[in-house]
Amino acid sequence: MDFDLSEEQAILKQSVERMLERHALPRGGRELWRDISDMGLTALPFPENLGGLGGSSVETMIVMEAFGRALVLEPYVPSVILGGACLMHGASLQLRDAFIPGVVDGSLKLALATAEIGSGFSQTAIETRAIESAGGFVVTGRKCVVLGGDEADWVVVSARTGGGAGDETGVTLFIVNAASEGVTRQLYRTQDNQGAAEISFDGVHVTREHIIGAIGGGMSVLSRAVDTGIAALCAEAVGVMSRMHEMTLDYIKQRKQFGAPLGANQALQHRAAEMFIALEQARSMAIYAAIMVAEEDAGNRGRGIHAAKAEIGRAGRLIGEQAVQLHGGIGMTSEYPLGKYYKRMTMIDLTFGDADHHLAELARKGAMVGLL
Amino acid sequence: MDFDLSEEQAILKQSVERMLERHALPRGGRELWRDISDMGLTALPFPENLGGLGGSSVETMIVMEAFGRALVLEPYVPSVILGGACLMHGASLQLRDAFIPGVVDGSLKLALATAEIGSGFSQTAIETRAIESAGGFVVTGRKCVVLGGDEADWVVVSARTGGGAGDETGVTLFIVNAASEGVTRQLYRTQDNQGAAEISFDGVHVTREHIIGAIGGGMSVLSRAVDTGIAALCAEAVGVMSRMHEMTLDYIKQRKQFGAPLGANQALQHRAAEMFIALEQARSMAIYAAIMVAEEDAGNRGRGIHAAKAEIGRAGRLIGEQAVQLHGGIGMTSEYPLGKYYKRMTMIDLTFGDADHHLAELARKGAMVGLL
Amino acid sequence: MKLTLDPQDLAFREEVRAFFREQVPAATRRTLVEGRHVSKDQMVEWIRILHAKGWAVPHWPAEHGGTGWDPLRQYIFLEELQRTPAPPPLPFGVNMVGPVIYTFGNAEQKARFLPRIANMDDWWCQGFSEPGAGSDLASLTTRAVRNGDRYVVNGQKTWTTFAQYANWIFCLVRTDLQVPKQRGISFLLIDMRSPGVEVRPIVTIDGGREINEVFLTDVEVPIENLVGEENKGWDYAKFLLGNERTNIARIGISKFRIDRIRELAAGQMSNGKPLLEDERFLEKLAAIEIELKALELTQLRVVTEEAKSGEKGRPSPASSILKIKGSEIQQATTDLLMRIMGVHAMPYHAEPRPGSNEANIEPADAAMVAPNYFNFRKVSIYGGSNEIQKNIIAKAVLGL
Amino acid sequence: MKLTLDPQDLAFREEVRAFFREQVPAATRRTLVEGRHVSKDQMVEWIRILHAKGWAVPHWPAEHGGTGWDPLRQYIFLEELQRTPAPPPLPFGVNMVGPVIYTFGNAEQKARFLPRIANMDDWWCQGFSEPGAGSDLASLTTRAVRNGDRYVVNGQKTWTTFAQYANWIFCLVRTDLQVPKQRGISFLLIDMRSPGVEVRPIVTIDGGREINEVFLTDVEVPIENLVGEENKGWDYAKFLLGNERTNIARIGISKFRIDRIRELAAGQMSNGKPLLEDERFLEKLAAIEIELKALELTQLRVVTEEAKSGEKGRPSPASSILKIKGSEIQQATTDLLMRIMGVHAMPYHAEPRPGSNEANIEPADAAMVAPNYFNFRKVSIYGGSNEIQKNIIAKAVLGL
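Chains as they are written, first to last, in our numbering: chain V, 1 to 372; chain P, 1 to 372; chain C, 1 to 400; chain U, 1 to 400.
Keep in mind the hints are simulated off the structure, nothing from the lab. The beta-carbon is built from N, C-alpha and C at its ideal position, and this holds for glycine as well. Each hint can be trusted.
Covered stretches of chain V (in silico footprint by chain C; criterion: 3 or more residues with CB under 8 Å from a CB of chain C, positions within the stretch not fixed):
| hint | segment |
| --- | --- |
| 1 | 112-121 |
| 2 | 177-191 |
| 3 | 264-275 |
| 4 | 315-327 |
| 5 | 343-352 |
Listed below are the simulated PhoX-like cross-link pairs for lysine-lysine, each with C-alpha atoms no more than 25 Å apart in a straight line:
| hint | chain 1 | residue 1 | chain 2 | residue 2 |
| --- | --- | --- | --- | --- |
| 6 | P | K253 | P | K340 |
| 7 | P | K256 | U | K395 |
| 8 | P | K256 | U | K238 |
| 9 | V | K253 | U | K395 |
| 10 | U | K181 | P | K253 |
| 11 | C | K273 | V | K365 |
| 12 | C | K238 | V | K256 |
| 13 | C | K308 | P | K13 |
| 14 | U | K238 | U | K395 |
| 15 | P | K13 | C | K2 |
| 16 | U | K2 | V | K13 |
| 17 | U | K181 | U | K395 |
| 18 | U | K308 | V | K13 |
| 19 | V | K256 | C | K395 |
| 20 | C | K395 | P | K253 |
| 21 | C | K395 | P | K256 |
| 22 | P | K256 | U | K181 |
| 23 | V | K365 | U | K273 |
| 24 | U | K273 | P | K365 |
| 25 | U | K273 | C | K273 |
| 26 | V | K253 | V | K340 |
| 27 | V | K256 | C | K181 |
| 28 | C | K110 | C | K238 |
| 29 | C | K273 | P | K365 |
| 30 | U | K395 | V | K256 |
| 31 | C | K308 | C | K2 |
Some chain C residues judged to face chain V by a derived CB distance under 8 Å, without partners named:
| hint | residue |
| --- | --- |
| 32 | I202 |
| 33 | M269 |
| 34 | Y348 |
Based on the sequences and whatever the hints tell you, model everything.
Right, here's the structure in full:
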């Protein structure tokens with residue numbers, strides 16, 4: 001057992017950090033995406049025989065933590081992690097050959113469209129329908145808050161081909177060209193300045209060849225992709241939290257009030273210590289997510305991911321809110337970078353279900369008995 | 001609106017406090033009970049035409065807070081509050097005439113036997129049964145943790161005469177002589193040194209005249225009695241908490257460490273402030289319980305009482321645990337009085353359902369919408 | 001003890017409730033329900049409606065337009081107003097500079113300013129905080145130098161709420177450098193249209209434009225705009241800050257927001273049924289409602305005690321409880337409101353550009369829930385942070 | 001990074017797990033499962049079983065009976081032991097005075113004391129705390145005055161765990177009054193059977209008799225019982241207290257208690273079904289399990305780092321996290337265990353009197369849940385309270 005970075009991992013971390021330093025906050029835009037691709041990060045999680053680097057969940061964790069610390073806004077998770085996981089774990093060989101090279105070299109962007117109005121955090125309570133038709137399916141429905149959906153060339157969309165709202169079976173995944181007839185997008189930025197879209201599918205024709213996974217069996221692919229995405233977000237969140245904690249320490253050491261640094265107040269010292277404890281616990285759970293996401297047993301993997309996301313959300317909220325509180329007024333201003341991290345953290349919590357949701361799901365599945 | 005004591009109320013409070021000061025901690029025993037009766041406190045909640053003093057829930061609150069501050073162990077709540085409420089709100093005129101004078105003058109002690117193994121905090125999930133028989137009923141079952149059950153002359157016991165476990169209807173209340181054939185008691189003290197008993201009813205014959213409330217309709221009487229008891233416990237808890245808070249303040253002001261009083265630590269100052277806030281919020285909710293317990297609408301009354309007990313439990317746990325924490329080792333010793341208050345507070349929380357139970361019940365009933 | 005409202009007070013509550021129900025302009029109410037900022041025009045319109053009824057400055061002395069209500073009725077009035085919801089009167093005029101003027105100002109100042117505050121002819125803002133002086137207000141450095149019949153003022157104020165709308169600002173300025181910091185401060189009224197006054201917006205993390213920096217460069221202020229005595233400004237500021245705390249718990253706003261939470265939760269689905277029927281959600285809501293009910297009674301205890309003691313405007317140090325718990329509850333409700341909307345809270349709904357026909361992002365009800373959550377982090381910071389309030393409780397109440 | 005255990009470590013874990021499963025006496029295990037105190041005889045019996053296997057003092061140097069396990073294996077061993085549950089070796093001998101003796105003691109002391117510690121021929125207790133010195137340990141006042149070949153010791157120690165069973169006590173005593181407090185302290189080993197040693201029990205709020213006061217009145221101690229140099233005792237104490245923190249998180253004990261919670265919750269009914277199927281209960285349990293899982297990984301990160309750096313016994317200041325979170329989790333589990341039992345937690349189950357045939361109060365499983373809850377308040381107090389731990393993090397880790 002060894003929690004230190006290997007030599008290669010240390011080099012990866014350093015290179016990513018150095019590359020990111022060349023871009024200014026907020027870190028987004030075409031050039032950053034090019035640098036990310038040029039460095040091979042878009043190739044990271046794919047196997048070598050498909051042009052990837054064969055990185056494991058540990059390498060993803062290292063990159064995502066660096067992205068979190070640098071507040072990267074580019075759609076790495078939507079395209080490479082989520083889109084990539086759908087392709088890797090469910091797509092036919094033809095689809096892989098068709099899409100992975102583009103994702104690997106960064107020229108093609110994917111997004112995952114699952115949430116709907118009324119679906120809450122459930123992946124199965126959806127109303128988007130796909131009805132069989134000559135040579136394929138016709139997809140109709142409306143997807144909300146598709147992260148990276150503004151720039152995506154292709155969108156993986158979940159739709160019901162059978163069963164009723166809430167059923168585990170009967171969900172099918174389709175990969176749809178965003179320029180297809182019947183696809184309309186409303187583009188916007190999220191609270192934390194990511195690109196996103198509402199996407200409507202109005203009788204969009206999709207061929208059978210563009211189905212990912214089995215017809216009606218999309219949930220096994222989707223849940224694995226979402227688990228993989230959550231593990232990546234957990235690592236990103238640790239990067240975000242660690243920066244908020246550092247900024248807070250710097251601020252209370254340097255800011256003087258009543259003739260002494262704010263940090264001389266024992267109450268604030270203890271708060272900073274509590275934030276530190278939460279950060280270290282969150283870091284441990286991001287590691288746990290990286291362990292569990294590699295589990296083949298879907299039930300155990302899911303419970304492990306629930307546990308990690310719940311802890312990350314709880315810690316992130318504590319650290320974010322207290323970082324603002326300890327900064328006072330300056331922490332409330334949009335000019336000061338802290339707020340951007342705080343908003344990013346809050347949005348990570350809301351993505352794929354907040355801490356309360358994951359705690360409830362974990363409980364519904366019997367809590368953590370028997371988990372590694 | 002006026003939250004100050006009236007002149008009469010102020011006198012009541014003073015007299016009770018003075019009387020209690022004449023008894024040493026732990027405050028229990030025959031002489032204390034005689035003083036409580038002699039002062040008329042056993043007569044307090046009963047109407048004047050039955051020899052009582054006609055006190056309202058406010059007077060009960062005043063007395064119970066004083067009892068809490070003084071850590072009174074005598075079975076005032078079981079006999080006067082719970083037993084009294086059963087008699088007042090459900091008993092026939094004959095039963096009232098038979099029992100109330102004895103309760104009023106302190107010569108007769110009652111107890112309320114409802115909990116069972118397996119009932120959790122539910123009043124309806126009981127297995128004790130009463131089967132109709134010549135001229136009355138035959139009661140069989142086992143009741144747990146009957147507070148005051150060790151000294152009670154008569155016991156009000158809940159039993160099923162119809163319906164199944166968990167049904168609201170079909171529960172009947174009987175008042176049973178503790179010396180009846182078939183009644184056996186296992187006597188003990190609780191963690192906080194109250195007298196209590198496990199009571200078994202093995203084919204105990206009870207006449208129809210000893211039924212309180214309607215056959216099968218005991219829950220309306222019982223829930224009112226329990227609500228009344230909880231309101232009294234809330235006030236007692238405020239007395240307990242206020243003493244714990246005072247003792248903690250005294251201790252951290254006086255105890256020196258590293259050359260300064262413990263109370264010079266800002267972290268402890270803030271903890272003491274948080275305890276103070278919890279205490280004042282709890283005091284407000286004990287007042288709320290005194291308001292709501294007088295509500296005729298059983299649903300609103302019950303929800304108000306749930307809210308009060310949940311807040312009291314939460315605040316009591318915080319104050320109790322932090323009082324021990326701030327005292328350090330000395331707070332863990334049985335010789336120092338703090339621990340007795342802490343244990344009393346913990347037992348109040350567990351009596352008739354802890355904070356979590358009442359919060360869940362309140363949620364199940366729609367939370368607080370429309371309450372005063 | 002009388003633990004419930006008297007019939008007269010109940011009747012009074014019905015009266016103000018009915019008035020708000022009928023008189024608050026529908027669009028203004030809607031703006032508040034949706035968590036948006038009311039415009040300057042909406043605010044002025046509403047205050048004039050209140051003023052026409054004689055309720056714009058209820059707590060002022062009768063000779064200046066007050067109603068003579070006791071603290072309990074003032075509390076009932078404000079709670080009902082907040083719960084409607086209607087825009088609360090801007091504190092800077094009616095709670096801050098108004099009382100300072102009628103208590104410490106001269107006859108001319110009273111005649112000149114008070115009626116215009118009550119009718120909102122003037123929009124006041126507060127010039128206390130400075131970049132270098134946070135909680136340690138008295139370390140302010142804005143200078144006012146006497147030059148004939150004027151002061152020349154130089155310095156910078158910050159966190160100035162709605163300075164962009166204001167035509168007057170009341171400032172603490174340093175008039176004597178030779179004495180301990182509290183003793184060299186004066187209280188000046190400054191016309192925002194004076195040359196040398198510059199307002200720069202500070203955008204907050206929610207994207208809002210409530211607060212500003214105010215730069216004062218060689219601003220000339222006539223000496224008749226000095227309130228009370230020179231170098232006594234700290235006393236007036238302390239008086240003013242004491243008043244600021246009276247309605248700090250914001251019970252009514254939290255009650256309104258709980259109504260709103262129920263409304264939105266009824267429309268959000270979770271596991272196939274409305275969130276409002278989900279017991280776990282209801283437990284979270286109930287936990288907040290319990291704290292709010294307790295705080296309401298705590299507030300009423302403070303208010304009725306104030307009414308009895310006659311010490312109006314000098315709330316007990318225990319009112320720090322109201323600030324701490326009140327802000328915790330406001331933050332818990334804005335947080336819950338955001339979480340109800342789940343992923344729908346994520347889009348940033350930019351203000352529609354004039355003439356734009358861009359569609360709303362659906363559900364529109366979700367537009368402000370995240371910004372409101374972010375914005376309400378301020379309530380545990382401003383007006384003396386919750387940490388400062390705990391210091392006050394520890395020292396002034398607990399004797400630590 | 002290798003985030004999971006190596007096959008060899010997994011095999012090691014299986015080995016110790018099997019050993020505990022087979023070798024812990026059933027009655028001793030039952031005593032621990034029920035939350036009762038193991039007797040002196042049970043403890044000695046068990047430690048001798050461990051010693052026979054060569055596992056009584058795994059972390060000691062090989063020449064004194066240690067196993068040579070790296071910190072990870074030591075951790076696995078202790079976690080499995082706690083989880084079984086089996087009685088953990090008493091720290092006073094094996095973790096405190098033992099390492100002080102083999103590090104700072106002379107050859108005679110090593111030969112005389114170490115084998116007896118490993119085989120539990122001696123029962124050691126700790127004489128550090130005094131009534132006037134809580135967290136400020138160095139302000140102790142127990143005096144030792146040299147008189148020929150003996151010291152004469154006078155003073156009082158307190159919070160002395162299991163002094164009633166002990167035949168030896170190691171004490172910090174003041175040997176020089178003229179120097180700053182840390183520099184006049186010596187480390188003495190005192191035979192409890194010496195005249196002038198008196199033990200008085202301190203009953204704790206749970207009714208337990210774990211701790212004691214120890215009065216030392218003109219106790220004569222041969223100078224050969226001085227460890228190391230006179231007046232250097234504070235250095236040895238700091239060394240000792242550093243060791244004390246290695247297993248402070250008590251992951252294994254919390255894992256055992258969570259097993260116990262599940263076991264009891266399966267038998268308790270709530271609204272007509274077993275509590276173990278109640279989602280609200282499971283949520284509370286899951287919240288604790290998550291924190292515990294995180295802490296386990298935090299602990300493993302500390303342990304593997306220790307293994308790499310080779311700095312055994314000198315845990316990083318971040319190990320204060322282990323103390324704080326570990327105690328919070330222990331308190332959360334004892335609290336939940338009590339709440340599962342509801343009203344049945346209320347009876348005080350007195351120890352049955354000898355020869356009594358009084359029936360148990362049912363359910364017997366509830367007997368110790370409230371006392372254990374009360375008793376475990378100590379874990380956030382002793383060994384440096386959680387407040388002290390936060391001071392340490394703030395200063396040593398965060399540089400505040």
